[in-house]
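Now for the letters of each chain:
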Amino acid sequence: MLRLKNGRLYDPAHGVDGVVRDLYVDCGRLVAEPGPGSPLDGEIDLAGRIVMAGAIDLHTHIGGGKMNIARALLPEDHRRDPVPAADGMHAGCGHAAPSTWTTGYRYAEMGYTACFEPAMLPTNARHTHLEMGDIPMVDKGAYAMLGSDDFFLRLLAAGSDQQLINDYVGWTLHASQAMAIKVVNPGGISAFKFNARGLDLDEPHPYYGITPRKVIQTLSRAVHELGVAHPLHVHASNLGVPGNADTTLATMAAAEGLPIHLTHIQFHSYGTEGERRFSSEAERIADAINRMQNVSADVGQILFGQTVTASGDTMKQYANHRHAHPDKWVVADMECDAGCGVVPFKYKDKNFVNALQWAIGLELFLRVGDPWRIFLTTDHPNGAPFTSYPHLIRLLMDRDFRNSKLDEIHPDAAAHSQLRSLEREYSLYEIAVMTRAAPARSLGLADRGHLGEGAAADIVVYRDEADREAMFARPEYVFKDGELIVRDGRVVNVVNGALHAVKPEYDKGIEQSLRDYFERYMTMSMEHVKVKDDEICACGASTLIPHACGRRA
Amino acid sequence: MGTEPALCEPFLIHRHDRVFESCCPFCGLVCDDVRVEVEASGVRVERPDCARARSLFAVPATGQSRIGGQPVEAIAALRAAAALLAQARRPLIGGLACDVAGQRAALDLAERVGGVVEHMNGAAQFRNWLAFQDSGWMTTTLSEVRNRADLIVFAGTDASRFPRFFERCIDAGSQFGPLERTVITLGATPAGGRGTAHAIEPVDLAALFADLRIRLAGGTGAPNGIGGVPAATLDALLASMKAARYGVLVWNAAELDFPHADLTVQAMVELVRDLNRETRWAGLPLGGSDGDTSASQVCTWRTGYPLRVGFEPAGPRYEPLLFEASRLLAAGEADTLLWVSVFDPARTPPETACPRIVLGRPDMRLDAMGPQDVFIPVAVPGVHHAGILHRMDGVVSLPLQGPSPSALFSAAQALAAIQREMTHAAA
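From first to last, the protein sequence lines are chains W and V. Heads up: the first sequence is residues 0 to 552, going by numbering that gives the first Met the number 0. Heads up: the second sequence is residues 0 to 426, going by numbering that gives the first Met the number 0.
Among the hints, a few may not be true.
[Claimed, not checked] Below, computed lysine to any residue pairings styled on SDA-like, alpha-carbon distance capped at 20 Å:
hint	chain 1	residue 1	chain 2	residue 2
1	V	241	W	352
2	W	531	V	20
3	V	241	W	193
4	W	347	W	257
5	W	327	V	319
No lab work stands behind these hints, which were simulated from the structure alone. Since the structure is predicted, the reported quantities are computational estimates derived from the model, not experimental observations.
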């Protein structure tokens with residue numbers, strides 16, 4: 000048994016806000032104080048140190064086909080950040096589209112112990128699990144993409160009842176070993192295959208006739224009724240389009256009060272004011288989130304520099320290709336399932352639009368009052384590589400620092416933004432909410448994201464440095480399932496992580512029509528789409544952690 | 000190894016005594032509707048009627064290790080391989096025709112020995128990768144072709160190297176109703192024996208596609224046509240392409256076998272992109288045979304680069320031109336060749352002055368083995384053991400079954416064993 004004594008704990012799941020308390024770790028778990036005289040195998044004095052649970056990233060593109068396209072596309076970016084093999088760690092590359100190995104090491108070195116890939120095509124699931132199997136250190140999970148797959152759209156167009164949809168969604172979660180359901184530009188990826196270049200929330204799909212609103216209503220209900228913890232994860236229509244805030248607000252309403260998570264909402268909070276016809280609608284969006292308790296969001300903050308955008312939203316990525324930097328890009332239709340678009344991007348602080356995007360993201364963070372419903376993401380790598388999280392945390396916690404950065408951006412963008420007037424500074428407690436307790440709760444990870452008895456001993460210890468960027472970039476200690484894996488911001492012990500997947504109940508009768516559909520129209524059989532439980536470890540995860548779901552239907 | 004490799008169980012899907020529903024690893028289509036029967040004499044393909052599958056599923060379950068052509072115990076061959084790699088300054092880990100587990104093990108070993116990794120189809124792969132890394136592209140996958148393509152243009156290929164391409168992707172049913180598909184071939188033989196063929200040398204295709212781009216942009220194309228294809232034909236071809244609802248341009252980089260063919264690929268993908276301003280088009284690069292898609296996918300996620308990577312002290316180094324296998328061997332820049340080839344016994348290692356370690360199918364015949372050359376027979380994934388293999392489009396990877404277990408090591412096991420022998424020898 001290990002005692003971590005005298006640390007100052009931030010454990011929002013238990014309302015603990017900076018209380019000095021000892022922690023006891025045994026067999027990978029946090030356990031109760033053993034009582035006087037009990038033998039200890041080790042003890043670390045953490046006086047003056049800050050202790051949190053391991054951080055959880057609920058939206059980060061770490062693996063899967065589109066990331067491999069992004070990697071292959073950008074040798075010039077990798078060349079600037081080569082990673083040698085050392086201390087039991089594999090060689091690889093870093094920056095915008097890091098290798099799988101490096102992704103795991105660098106997440107752990109920042110104190111992250113679980114990462115969730117938000118865009119897994121079911122027909123690409125086996126590949127995604129292979130990639131994630133080579134991401135060490137952290138636990139992993141993935142969200143299956145639905146909503147532009149032809150099987151679902153056929154069901155919807157045929158007016159199938161909700162129960163059948165639920166069965167298909169349940170089947171998909173099992174077949175792809177997923178943790179949640181994501182919808183990307185609802186129906187829009189499919190519409191692009193029929194040559195549509197836009198699809199508004201209430202616009203009928205050019206072939207199926209159904210609307211994105213209907214897709215959201217149906218899928219959010221299915222996810223809810225199946226009892227999946229994480230709400231439908233929505234990448235809304237009209238990403239990046241000036242004036243899309245109206246679509247975003249309407250998308251929130253489309254859930255009709257059921258839980259809904261809007262992802263990278265920064266890219267969906269734009270107005271059309273001003274001479275450049277591009278303005279911030281962060282206030283209106285944040286007000287809506289504050290008002291609607293069924294809505295959560297992650298921000299998708301942009302930070303300046305070179306990165307690469309990788310998305311299932313082929314329709315919008317095709318439209319954005321003229322901004323590609325360097326000038327090369329990929330758009331692919333995939334397997335009557337979805338698609339992907341990869342566009343390298345360089346966000347510039349002297350560019351009006353980019354500068355305002357930066358300010359809009361920060362405004363959203365600061366205007367949404369409840370840190371349990373807004374999550375810290377850069378939509379890695381779309382807004383910025385995940386390695387910029389410590390910098391982002393400092394922007395949120397340090398108003399002087401934030402304002403000094405505001406002085407550096409395009410002056411018109413700074414003038415158009417109300418960011419300077421926002422005085423809020425995030426507290427350590429709020430940071431612990433948005434990076435630990437809240438994502439764990441949103442995903443239904445009962446034994447992660449907190450420091451209570453019985454929790455997995457994923458623990459991070461920071462020095463209490465005034466420079467929060469330095470502090471969050473280099474934890475003094477990181478423990479994964481009770482093992483010390485990082486010391487002073489450097490991996491000291493390479494471990495493997497588990498795969499989390501939900502296992503809702505559903506009627507397997509759906510397989511009759513699926514088997515028939517795949518046989519009649521696809522180039523792979525239904526049986527081979529399914530990733531079996533036994534394959535997960537063969538793909539590379541340490542173990543499969545199944546999460547039961549309580550049916551709500 | 001027991002009678003059945005541990006990985007087999009999850010992948011065995013329909014087991015009816017000795018008849019197996021199986022995925023076929025022997026070309027880039029990785030057809031997953033194959034039925035094989037295991038008989039005393041080996042594995043027999045019951046369906047489909049594919050000559051390539053029939054011949055390659057038939058493989059003995061045992062093989063003989065050799066050093067310098069002389070039979071040796073398996074362990075002696077592994078130790079000899081380890082000794083060669085231990086003294087090599089820059090080994091080339093080539094061939095790489097194996098499943099995902101084999102690719103992972105090959106990369107582990109390459110990292111350990113400071114080797115360069117390159118696939119046996121590297122010349123073809125890099126015609127695509129160079130174009131891809133310069134401009135990107137718009138592509139599609141096999142089921143999209145099957146369901147949506149109303150015009151398919153084959154450029155410099157008739158797709159016959161992928162025996163069931165037409166059966167699986169063109170002649171099969173579409174969920175969007177009966178498609179009136181048009182097939183046009185730019186080359187001597189009409190693909191699938193149908194549609195129109197316009198004879199043109201592959202080396203002239205780049206000029207043809209550049210000319211079509213000019214015409215599409217409203218410019219004046221070559222008045223006398225390109226490479227024997229008359230101007231009027233080019234105009235008609237372009238008109239058909241513009242009228243397509245979902246057009247697919249198919250090429251096979253392996254058949255664009257001339258210098259700077261990456262520029263031909265680039266001309267094609269740029270036309271595809273231009274056509275997308277008005278209608279939908281996508282490219283379909285044929286390939287993926289001999290595990291080449293898996294090789295580049297695994298190398299990309301582990302290093303960031305799609306092969307032609309050397310493991311150096313500062314990290315992986317990518318040299319898409321300098322790390323071509325034949326160049327490294329000819330220039331003496333690689334001093335040991337490790338060759339992995341488990342799918343096709345005809346894909347033997349190149350002749351070279353440096354020592355060769357060959358992990359090959361048990362029925363691979365090596366003529367003229369040098370005195371130091373090592374041959375280690377390995378099992379075939381999809382026949383002898385389970386595994387995972389990517390299809391040509393990279394999106395789909397399929398579970399291979401092991402209907403006919405063998406006592407031979409898999410490529411992954413042999414590569415790991417060589418690494419273990421290196422560790423023992425160093426200790």
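Verification of the supplied hints:
For the hint pairing residue 241/V with residue 352/W, the CA-to-CA distance comes to about 35 Å; that exceeds 20 Å, so the pair is violated. Distance restraint check for residue 531/W and residue 20/V: the Cα-Cα separation of roughly 16 Å lies within the 20 Å cut-off, and the hinted pair is therefore satisfied. Among the hinted pairs, residue 241/V with residue 193/W is consistent with the structure: their alpha-carbon atoms are about 14 Å apart, no more than 20 Å. Between the alpha carbons of residue 347/W and residue 257/W the distance comes to roughly 38 Å, so the proposed pair goes past 20 Å and is violated.
Distance check on the hinted pair: residue 327/W and residue 319/V sit about 18 Å apart at the alpha-carbon level, within 20 Å; holds.
Checked against the numbered hints above, the structure breaks hints 1 and 4 and satisfies the rest.
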